[in-house]
Every structure is written in structure tokens, then in C-alpha cells.
Amino acid sequence: MTTFYTVVNWLVILGYWLLIAGVTLRILMKRRAVPSAMAWLLIIYILPLVGIIAYLSFGELHLGNVVRNEPGRCGPPPPNG
Numbered sequence: 001m002t003t004f005y006t007v008v009n010w011l012v013i014l015g016y017w018l019l020i021a022g023v024t025l026r027i028l029m030k031r032r033a034v035p036s037a038m039a040w041l042l043i044i045y046i047l048p049l050v051g052i053i054a055y056l057s058f059g060e061l062h063l064g065n066v067v068r069n070e071p072g073r074c075g076p077p078p079p080n081g
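Residue numbers (UniProt numbering): 1 to 81.
Hints in this document: simulated from the structure, not taken from any laboratory.
A couple of the hints might just be wrong.
Said to hold, decoys possible - Derived DEER-like restraints, expressed as beta-carbon distance ranges:
(1) L11 to E60: 24 to 32 Å
(2) T3 to I46: 50 to 58 Å
(3) N80 to P48: 17 to 25 Å
(4) W10 to R31: 31 to 39 Å
(5) K30 to V8: 28 to 36 Å
(6) F58 to Y16: 20 to 28 Å
(7) L47 to L25: 13 to 21 Å
(8) T6 to S57: 28 to 36 Å
(9) I13 to I53: 17 to 25 Å
(10) F4 to L28: 17 to 25 Å
(11) N80 to A33: 32 to 40 Å
(12) L25 to P79: 39 to 47 Å
(13) T2 to V34: 20 to 28 Å
We put the beta carbon where it would ideally sit given N, CA and C, even for glycine.
Using the sequences provided together with the hints, build the complete structure.
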């Protein structure tokens with residue numbers, strides 16, 4: 001039974017590091033300002049789980065796709081005059 005828990009423990013640790021490595025690569029591959037990328041990496045490496053949740057919640061905003069695809073949907077309505 002100890003072997004089972006050892007294997008599960010190693011799989012959890014491996015999954016944890018793969019998740020951090022994946023998010024790190026995502027941050028580095030995305031075109032963003034250097035201070036912004038460094039700040040996200042700092043948050044993720046100081047508070048790993050909180051940082052990953054925060055990045056996935058706030059760092060991956062897709063508003064640019066909506067603006068690019070449907071420019072009339074974002075912004076104020078056109079004037080009536």
C-alpha cells in the first residue's frame with residue numbers, strides 16, 4: 001500500500017510542476033510587455049496555486065478578439081444625429 005501512495009505522491013508532484021511549466025511557457029510565448037510577464041511569473045512562483053488561478057482568471061482576457069471581430073459590439077453606441 002505504501003508503494004501506491006508513493007506513486008500517487010509522485011504523480012501529483014509531476015502534475016503540479018507540469019502545470020507551473022505550462023503556465024510559464026504560456027506567459028512567455030504570449031506577446032505582452034516585459035514588466036507584465038515578469039510580474040505574472042513572480043506571482044506564480046511566489047504563490048503558485050493562487051498565481052495560476054489569478055492568471056487564468058485575469059491574465060487571459062479575450063476582449064481583443066471581440067473588438068477585432070465585432071467592432072460595433074464594444075464601445076459606445078453611434079450618435080443619433
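Results of checking the hints against the structure:
1. Distance hint check: the CB atoms of L11 and E60 are about 26 Å apart, consistent with the given range 24 to 32 Å.
2. Hint check: T3 to I46, Cβ distance near 34 Å, so the stated range 50 to 58 Å is violated.
3. Taking the beta carbon of each, N80 and P48 are about 52 Å apart, not inside 17 to 25 Å as hinted.
4. Between W10 and R31 the Cβ separation comes to about 36 Å, which falls inside the hinted range of 31 to 39 Å.
5. Between K30 and V8 the beta carbons are some 33 Å apart, a value that agrees with the proposed interval 28 to 36 Å.
6. Between F58 and Y16, the C-beta spacing of about 21 Å keeps the proposed range 20 to 28 Å intact.
7. At roughly 19 Å, the beta-carbon separation of L47 and L25 lies within the given 13 to 21 Å, and the hint holds.
8. In this structure the supplied range 28 to 36 Å holds for T6 paired with S57, their Cβ-Cβ distance being about 34 Å.
9. For the hinted restraint 17 to 25 Å between I13 and I53, the CB-CB distance of approximately 19 Å keeps it satisfied.
10. Range check, F4 to L28: Cβ separation about 36 Å, and the 17 to 25 Å hint is violated.
11. Roughly 39 Å separates the CB atoms of N80 and A33, a value that falls within the hinted 32 to 40 Å.
12. Between L25 and P79 the CB atoms are about 46 Å apart, so this pair conforms to the stated range of 39 to 47 Å.
13. Restraint check, T2 to V34: a C-beta distance of roughly 47 Å breaks the suggested window 20 to 28 Å.
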